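If you're matching them up, the sequences are chains A and B in order. Residues 12 to 173 in the numbering used here are what the first sequence spells out, letter by letter. Residues 154 to 306 in the numbering used here are what the second sequence spells out, letter by letter.
Just so you know, the hints here were simulated from the structure itself, not pulled from any lab data. Nothing here was measured: the structure is a model prediction, and the numbers come from that model. Heads up, some of the hints might be wrong.
[Claimed, not checked] Below, a sample of chain B positions facing chain A; criterion: calculated Cβ distance under 10 Å:
hint	residue
1	I168
2	E196
3	M219
[Unchecked claim] Straight-line distance between alpha carbons at most 25 Å, and here's what the computed SDA-like set of lysine to any residue pairs gives:
hint	chain 1	residue 1	chain 2	residue 2
4	B	K245	A	G101
5	B	K245	A	G129
6	B	K156	A	G129
7	B	K242	A	Q55
8	A	K14	B	K156
9	A	K113	B	E196
10	A	K84	A	K38
11	A	K38	B	R173
12	B	K242	A	R155
13	A	K110	B	E178
14	B	K242	A	R138
15	A	K130	B	R263
16	A	K84	B	R173
17	A	K38	B	G236
18	A	K113	B	R173
19	B	K245	A	R155
20	A	K113	B	R263
21	A	K130	A	D18
22	A	K14	B	P189
23	A	K113	A	E143
24	A	K134	B	K242
25	A	K84	B	E196
26	A	K14	A	R136
27	B	K252	A	A99
28	B	K242	A	P46
29	B	K245	A	K113
[What the hints assert, rightly or not] The calculated label-pair distances, taken between Cβ atoms and stated as ranges, are:
hint	chain 1	residue 1	chain 2	residue 2	range
30	A	R57	B	E169	15 to 25 Å
31	A	R57	B	A185	26 to 36 Å
32	B	G165	A	G28	22 to 32 Å
33	B	D301	A	G28	32 to 42 Å
34	B	A235	A	G28	23 to 33 Å
All C-beta atoms in this analysis are idealised placements derived from N, C-alpha and C, irrespective of residue type, glycine included.
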Amino acid sequence: MIKFFEDLHVGERAQLGSYLFTAEDIKTFASQYDPQRFHVDEEQGRQSPYGALIASGWHTGSIWMRKLVDHHKAQIEAMRERGEEIPALGPSPGFRELKWHKPVFAGDTVTYAVEVIGKRVSKSRPRFGIIETLATGDNQNGVRVISFVSTTFIERRSPSAE
Amino acid sequence: MTKLYFEDFTPGQAIEHGPRLVTREEILAFAAQYDPQPMHLDEEAGRNSMMGGLGASGWHTSSLMMRMICDSFLLDSTSMGAGGVEEVKWLKPVRPDDKLTLRTTVLDTRRSRSRPEIGIVRLHYELFNQHGDGVMIMIVPTMFGTRDSKGPS
Chain A
12 MIKFFEDLHV GERAQLGSYL FTAEDIKTFA SQYDPQRFHV DEEQGRQSPY
62 GALIASGWHT GSIWMRKLVD HHKAQIEAMR ERGEEIPALG PSPGFRELKW
112 HKPVFAGDTV TYAVEVIGKR VSKSRPRFGI IETLATGDNQ NGVRVISFVS
162 TTFIERRSPS AE
Chain B
154 MTKLYFEDFT PGQAIEHGPR LVTREEILAF AAQYDPQPMH LDEEAGRNSM
204 MGGLGASGWH TSSLMMRMIC DSFLLDSTSM GAGGVEEVKW LKPVRPDDKL
254 TLRTTVLDTR RSRSRPEIGI VRLHYELFNQ HGDGVMIMIV PTMFGTRDSK
304 GPS
């Protein structure tokens, strides 16, 4: 999704790849950032309403971020090789409507994607446009486990031309 | 602190927590693993970005906030987790050596109709730096066990 604002279109979708959540990985993240009992201990997970150890929702979200960054890096490299101009990305001001639809269990593989659902020109930063994307993650059974609506600043090719 | 049940939350109630020091090392470590963009990894790249200096990944700030929520009251509660987050705003970058404080405010509470052993508490979280600037807010409807139905002990 590294394109100038003008070249990004609503409905455009990118696959970001997959990630296997192991029990070790789930517990390592959770022990640092989200040590609720069902994220750090198998037995406690079994006794919880979830019935097993599950990943912190912030872990599932952070891996989406990593997958997006990797995707962008690959795109940027390819663009450099083709000698294309690379648009600047701004920091995200946040997201909304984050849903952890279903738990992510140890051994689950989540496949991430992103889709452009809206775009508008930034009033505060005329060099940039604002892209709204739907971020998703689906497990190995095709069941959605995470989604949210994310906002990103991306450079405009011709800020002066309206 | 006594264990918090659904019934212990009332609209307007506020819980303060912190401060929590954020080190350069942990900003770099999180970014290297989960968000390896230059402005989260390198001072010079940060200065040349909209962040105006090295700043933590928004996902790091969120994860730090989650840990502070755990330490503030969540681990001593009947929390059964949350199905999502209504809104997250990253208002300002978190910088190395920032000292973060958390304020949790109860927005509203309602008992689940389908599962009377669970109540939903909508919590508004605000994270501030040492200058009193808001760095992040989020709103999370969180499930708690009810006292009368003896939620998880």
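Status of each hint after checking the structure:
no.: 1; hint: I168; in the structure: 17 Å, violated
no.: 2; hint: E196; in the structure: 16 Å, violated
no.: 3; hint: M219; in the structure: 5 Å, holds
no.: 4; hint: B:K245 x A:G101; in the structure: 13 Å, holds
no.: 5; hint: B:K245 x A:G129; in the structure: 24 Å, holds
no.: 6; hint: B:K156 x A:G129; in the structure: 44 Å, violated
no.: 7; hint: B:K242 x A:Q55; in the structure: 32 Å, violated
no.: 8; hint: A:K14 x B:K156; in the structure: 51 Å, violated
no.: 9; hint: A:K113 x B:E196; in the structure: 38 Å, violated
no.: 10; hint: A:K84 x A:K38; in the structure: 28 Å, violated
no.: 11; hint: A:K38 x B:R173; in the structure: 22 Å, holds
no.: 12; hint: B:K242 x A:R155; in the structure: 24 Å, holds
no.: 13; hint: A:K110 x B:E178; in the structure: 31 Å, violated
no.: 14; hint: B:K242 x A:R138; in the structure: 22 Å, holds
no.: 15; hint: A:K130 x B:R263; in the structure: 36 Å, violated
no.: 16; hint: A:K84 x B:R173; in the structure: 33 Å, violated
no.: 17; hint: A:K38 x B:G236; in the structure: 20 Å, holds
no.: 18; hint: A:K113 x B:R173; in the structure: 31 Å, violated
no.: 19; hint: B:K245 x A:R155; in the structure: 31 Å, violated
no.: 20; hint: A:K113 x B:R263; in the structure: 22 Å, holds
no.: 21; hint: A:K130 x A:D18; in the structure: 11 Å, holds
no.: 22; hint: A:K14 x B:P189; in the structure: 19 Å, holds
no.: 23; hint: A:K113 x A:E143; in the structure: 23 Å, holds
no.: 24; hint: A:K134 x B:K242; in the structure: 18 Å, holds
no.: 25; hint: A:K84 x B:E196; in the structure: 19 Å, holds
no.: 26; hint: A:K14 x A:R136; in the structure: 18 Å, holds
no.: 27; hint: B:K252 x A:A99; in the structure: 30 Å, violated
no.: 28; hint: B:K242 x A:P46; in the structure: 23 Å, holds
no.: 29; hint: B:K245 x A:K113; in the structure: 31 Å, violated
no.: 30; hint: A:R57 x B:E169: 15 to 25 Å; in the structure: 35 Å, violated
no.: 31; hint: A:R57 x B:A185: 26 to 36 Å; in the structure: 33 Å, holds
no.: 32; hint: B:G165 x A:G28: 22 to 32 Å; in the structure: 45 Å, violated
no.: 33; hint: B:D301 x A:G28: 32 to 42 Å; in the structure: 47 Å, violated
no.: 34; hint: B:A235 x A:G28: 23 to 33 Å; in the structure: 26 Å, holds
Of the hints listed earlier, those the structure fails to meet are numbers 1, 2, 6, 7, 8, 9, 10, 13, 15, 16, 18, 19, 27, 29, 30, 32 and 33, in rising order.
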